[in-house]
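Protein chains in written order, with the numbering used here: chain A, 35 to 212; chain B, 35 to 212.
Hint data in this document are derived by calculation from the structure and do not stem from the laboratory.
It should be emphasised that the depicted structure is a prediction, and the values quoted were computed from it without experimental measurement.
Among the clues, some could well be false.
Note that identical chains are pooled: a pair holds if it fits in a single copy or bridges any two copies.
Stated by the list, open to error - Taking lysine-lysine and the DSS-like style, the derived pairs with C-alpha atoms no more than 27 angstroms apart in a straight line are: (1) Lys65 with Lys192; (2) Lys192 with Lys181; (3) Lys192 with Lys100; (4) Lys90 with Lys192; (5) Lys157 with Lys192; (6) Lys157 with Lys196; (7) Lys195 with Lys65; (8) Lys195 with Lys157; (9) Lys90 with Lys181; (10) Lys181 with Lys100; (11) Lys181 with Lys196; (12) Lys90 with Lys157; (13) Lys195 with Lys100; (14) Lys138 with Lys90; (15) Lys65 with Lys134; (16) Lys196 with Lys138; (17) Lys196 with Lys100.
In case you want the letters, here they are:
Protein chains: 2
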Amino acid sequence: MSPMPERSIIGNTLSQLTYGLYIVSSRDGEKLNGQIVNSVFQVTAEPPKVAISLHKNNLTHSYVGKSRIFSVSVLSQDTPMIDIGLFGFKCGRDVNKFAKIAHKFSDSCPIVTENALSVFACKVVSSLDIGTHTLFIGEVYDAETFKEGVPLTYEYYKIVKKGRTQKNATTYTEPKGV
Amino acid sequence: MSPMPERSIIGNTLSQLTYGLYIVSSRDGEKLNGQIVNSVFQVTAEPPKVAISLHKNNLTHSYVGKSRIFSVSVLSQDTPMIDIGLFGFKCGRDVNKFAKIAHKFSDSCPIVTENALSVFACKVVSSLDIGTHTLFIGEVYDAETFKEGVPLTYEYYKIVKKGRTQKNATTYTEPKGV
């Protein structure tokens with residue numbers, strides 16, 4: 035192992051980590067927003083808590099920081115690319131992502147139900163500044179499973195659906211030759 | 035959605051999150067140890083950082099806390115169950131897990147190379163107490179990919195390999211009727 039590998043070698047290695055693909059939603063007063071996130075993971079069992087990593091430039095980051103609530107929608111493998119694109123590549127400052135997408139609320143927390151196998155809602159109990167992103171730790175206070183099915187994975191999105199990675203993603207790497 | 039779902043409903047919902055399965059290793063002086071972890075996630079791209087969630091009762095938690103270094107081995111899908119059992123269900127207080135398993139070092143950080151598609155080593159840059167577990171944030175300082183292959187996922191381990199979940203795992207749920 036070289037002591038200082040090129041950034042591309044680190045990127046290739048980290049690309050072997052396994053992720054799902056989710057929509058994280060939150061609100062700021064009457065405004066709702068959500069975004070695609072791959073870094074959602076359970077971090078304690080008792081009580082059940084999850085961690086999410088959100089880029090500081092993203093509108094959803096601002097909403098979660100203010101409202102201290104967020105939901106996670108576990109997407110089905112057959113989620114249409116147009117819906118992933120809406121939540122992954124459009125900005126909530128320009129478009130109301132919730133205008134034409136099925137959703138509900140738990141208390142005041144917005145939850146995208148369209149294309150979701152299951153959903154859960156969290157209250158933020160702590161957070162950690164990790165540079166470009168913030169890790170928000172949420173305790174799960176509500177959960178519902180709609181149907182059995184195959185959850186969408188990040189690998190399936192990239193390999194089968196030929197999906198791109200948004201520049202604020204935790205796993206973003208510069209395209210070669212650009 | 036009910037306002038206070040049963041813990042089993044939350045558990046069922048969270049079981050739809052996607053994970054890989056990894057060995058996280060560290061050291062305390064001359065003593066080496068490692069354990070199976072599913073909660074390993076890249077949390078920032080620039081610089082590349084990962085988060086891991088370790089139970090406070092686990093020996094590896096103590097080693098990472100002291101040495102502030104850890105490595106991650108991305109396991110191949112064909113990793114033998116006996117090797118997963120050694121790192122997942124044996125305690126480093128009772129057995130030297132590194133005695134018969136191929137490994138190397140980056141600086142002083144031990145790295146399990148047996149069954150690994152790729153490995154990387156991290157320096158802890160921050161941590162967060164989240165109750166039963168600690169989230170350690172590590173900046174990647176070394177990385178190597180050994181071969182192409184299919185990474186072991188937590189789902190494959192549970193469904194195909196019929197693997198159990200260790201009681202200190204972030205995703206542990208009480209077996210029914212026990």
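So, going through the hints one by one against the coordinates:
1. Lys65 with Lys192: Cα proximity of lysine 65 and lysine 192: none, with 31 angstroms in one copy and 40 angstroms across.
2. Lys192 with Lys181: both (24 angstroms within a copy, 20 angstroms between copies)
3. Lys192 with Lys100: For lysine 192 and lysine 100, neither the intra-copy (32 angstroms) nor the inter-copy (38 angstroms) Cα distance is at most 27 angstroms.
4. Lys90 with Lys192: Close inside one copy (24 angstroms), not across copies (35 angstroms); limit 27 angstroms.
5. Lys157 with Lys192: neither (31 angstroms within a copy, 29 angstroms between copies)
6. Lys157 with Lys196: For lysine 157 and lysine 196, neither the intra-copy (34 angstroms) nor the inter-copy (33 angstroms) Cα distance is at most 27 angstroms.
7. Lys195 with Lys65: neither (31 angstroms within a copy, 45 angstroms between copies)
8. Lys195 with Lys157: neither (33 angstroms within a copy, 35 angstroms between copies)
9. Lys90 with Lys181: neither (33 angstroms within a copy, 35 angstroms between copies)
10. Lys181 with Lys100: neither (32 angstroms within a copy, 44 angstroms between copies)
11. Lys181 with Lys196: both (26 angstroms within a copy, 23 angstroms between copies)
12. Lys90 with Lys157: both (19 angstroms within a copy, 23 angstroms between copies)
13. Lys195 with Lys100: Close neither inside one copy (34 angstroms) nor across copies (43 angstroms); limit 27 angstroms.
14. Lys138 with Lys90: Classified as within: same-chain Cα gap 26 angstroms, cross-chain 37 angstroms, threshold 27 angstroms.
15. Lys65 with Lys134: within (15 angstroms within a copy, 57 angstroms between copies)
16. Lys196 with Lys138: neither (30 angstroms within a copy, 36 angstroms between copies)
17. Lys196 with Lys100: neither (35 angstroms within a copy, 43 angstroms between copies)
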